[in-house]
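Chemist: Starting from the structure of chain A, add chain B where the hints point.
What follows is each chain in one-letter form.
Number of protein chains: 2
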Amino acid sequence: MPDPANGTPDLANERVDHRFKALPPDAEGLTVGELSAQRRNLFTGGFTTPVLALSAESVEHNLRLLETYAERHGLAFAPHGKTSMAPQLFERQLEHGAWGITAAVPHQARVYRAHGISRIFLGNELVDAVALRWLAAELDADPDFRFICYVDSVRGVELMDEALRAAGAARPVDVVVELAAGSTGRTGVRTEAECAAVADAVAAVPTLRLVGVAGYEGTMPGADAERVREWLHRLVGLAAAFDKAGRFDPAVGEIVVSAGGSEWFDTVAEVFAEIPELSLPVLKLLRSGAYVSHDDGQYRTRTPFNRIPEEGALQPAFRLWSQVVSRPTAEQAFTNAGKRDAAHDLHLPEAQVVRDARTGEIRPAEGITVTGLSDQHAWLATGPGADLEVGDWVGMGLSHPCTIFDKWQLIPVVEADGTVVDHIRTFF
Amino acid sequence: MPDPANGTPDLANERVDHRFKALPPDAEGLTVGELSAQRRNLFTGGFTTPVLALSAESVEHNLRLLETYAERHGLAFAPHGKTSMAPQLFERQLEHGAWGITAAVPHQARVYRAHGISRIFLGNELVDAVALRWLAAELDADPDFRFICYVDSVRGVELMDEALRAAGAARPVDVVVELAAGSTGRTGVRTEAECAAVADAVAAVPTLRLVGVAGYEGTMPGADAERVREWLHRLVGLAAAFDKAGRFDPAVGEIVVSAGGSEWFDTVAEVFAEIPELSLPVLKLLRSGAYVSHDDGQYRTRTPFNRIPEEGALQPAFRLWSQVVSRPTAEQAFTNAGKRDAAHDLHLPEAQVVRDARTGEIRPAEGITVTGLSDQHAWLATGPGADLEVGDWVGMGLSHPCTIFDKWQLIPVVEADGTVVDHIRTFF
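If you read the sequences in order, they're chains A and B.
FYI, UniProt numbering numbers position 353 of the first sequence as 353, with every residue one higher than the one before it.
FYI, UniProt numbering numbers position 38 of the second sequence as 38, with every residue one higher than the one before it.
Don't read these hints as lab results, they were simulated from the structure.
Note that the Cβ used here is the ideal one computed from N, Cα and C, for glycine as well.
Check before you lean on any hint, since a few could be wrong.
Claimed, not checked - Not everything, but these chain B residues come out facing chain A in the computed CB check (under 8 Å):
| # | residue |
| --- | --- |
| 1 | Lys82 |
| 2 | Val130 |
| 3 | Val189 |
| 4 | Glu192 |
Claimed, not checked - Reference listing, derived: stretches of chain B covered by chain A, where coverage requires no fewer than 3 residues with Cβ under 8 Å from a Cβ of chain A:
| # | segment |
| --- | --- |
| 5 | 38 to 52 |
| 6 | 112 to 125 |
| 7 | 388 to 399 |
With the rest of the complex left out, here is chain A (with noise of 0.2 Å):
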């Protein structure tokens, strides 16, 4: 379904069928955009349950908020997409400032491709011969694209050479060196020395570019704000004496510093702002992705701005409405959402509201508990207190933004007064 202005899929006018778990049997037939115009109430609309909601406000917010903050800070954001893999949230992302869209692997950057992303920053080495192949038909088909990926091992520099050869690639592929956020810590070059080994190897070869360093604190073992801190304050130490050492190329233009996830990118404002005069322009790069939705568990917890409330708040934005299935004893109720629908690998669904089958009123969903998850259902412990009946819907808060998008794909959005705006198409 190209759309014929940019040969980019369509989203709107994707059929709505069977493939889309919640989304009205009715509306069967209809395009995604003919039934997000008739703008349905998400509870009276014939949306079936298990149904996850994405508040069209609360999205909103968030994205501007980002903006804001980026813009404020002096940072170039390119949000990290894997955690929605929306291209719809990807274009607003792009229309609130976003310098270009993150990707985790290349099946991701094809997606971002197929739907237009013009600068793709892929936060990992990219050793795939294959991957590599397309990689390159891609650059030399579009010099508008921009694309930047680590390197974080000279066996994978000359991996990337070798593939990008036997590819014919036309244009070099400009990587940034990866410094690892700790000795233990996720993928990344241990030490300095090392790091220039790697850049060593980079010049080397004529396939590739060193155009930066980055790296990701996100998964630092006992990350706390000073490790943090003097883990970014090496990356940039790093730029510099690259800089000094001229390993980066000044037909560039520019000198990209890349970190920060949705834990500390208060910190990473901080130190990049403290980042010296280099000899050329420096893009510090910004990589969130959470932020997008928000969360009502990780990273409610550990978001920033819990630390600089006077910057503003994120809204989390799901909320996972399922019914009750069975409630066989005044202690134990089920619902009909399960592993298959909800985020389940940090923290377990938080009930939230009740929506009363036979009033319609929706209210908190007091004494109520979730104390576990099968494939297809939510175990519910419920107290005294607790008004649950068969055929309620329990609205749940979720934890963990990545695990929660990847359950759905196409996600209606709600506004708060429950009518369906919109639907979201996701791509894992």
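Modeler: Same frame as chain A, now just chain B:
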């Protein structure tokens, strides 16, 4: 893409594109059928990592084994389709003698109907008015469509009746009373007295028809063979008592007695063999689902075939291939498969083999242990003897079929020599 022969979607005509991770970028635009016909090699045919492979031989073996098992023990078989959500596998399960396919939620039944499944057992109470309206229309449009679901509460019966009346349903919906496996197990009526009350409620409404009793032993707290046997005896006793009380409609022509996931089907077979003669023939319906792929974790440990090796052995059919993208120290390596690609709810993946990037040779993954998963990375600990470099592929065994299938929308089916002979489409 309807198949002109029967109106069901023609999965072989689905286009290969960016929607399907791991599929060859240079296959873009081919149909799935055309790609399968090319019989590419998984390792050299342009697939990108991470890629999940389903063994053609092991799936065929498992399909045959459960077919034989059910036949030998006089069981009808409605394998749980929620495991794979793969109509191509459903078709093969039916070819291998299955009576029908089990579902957990109405959305799954919608997928089944879109792909021509004519007998569906829904292992839950169905109280969603929208889904009941859809169901009534399906039943009324197709006299050959057989549908059975649980009831486990008087309130549930009321809600079903209300919704089916409102939908103007012409055919009654067949229901079975669900007897809970244990007083704190999952859904289901806790006592025989309450079961009779639910059956009374069913008898009082024209929109439902009581056709049997059922339950699920897999979530019984502290389940062991003795407790499962005891519960199965209660279930059979309930069927006999209901039959004696004339609760089953003779016009149905059979009485449904159903239980059995993938951990206790030996005990189900044993107890169901002793079902006394009732007033009608008994459809003894087993519902195991995980057997189709089996696994290298949960079901490797828990399969009944461990207790009855003389009846055969299932084969784990999945292998997840991911690529080493970072090897920062002698003790650590990181591959590009994470929570988005691998089941992680019950156990971590198990590193089984390494495919050497230099030679293409496959060797045992000696000294390599998966210690954690990020969203898009696996964390590997490597011992002194581990032979692993950036670029190598690591083949992993996984645990829990239900959360393996649901991370992949199109899964290559691979023969032992690496030839990809088919692609399985899933609908989650």
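Chemist: Among the hints numbered above, which are violated by the structure, and what are their numbers in rising order?
Modeler: Going through the list in order, the structure violates hint 4 alone and respects the others.
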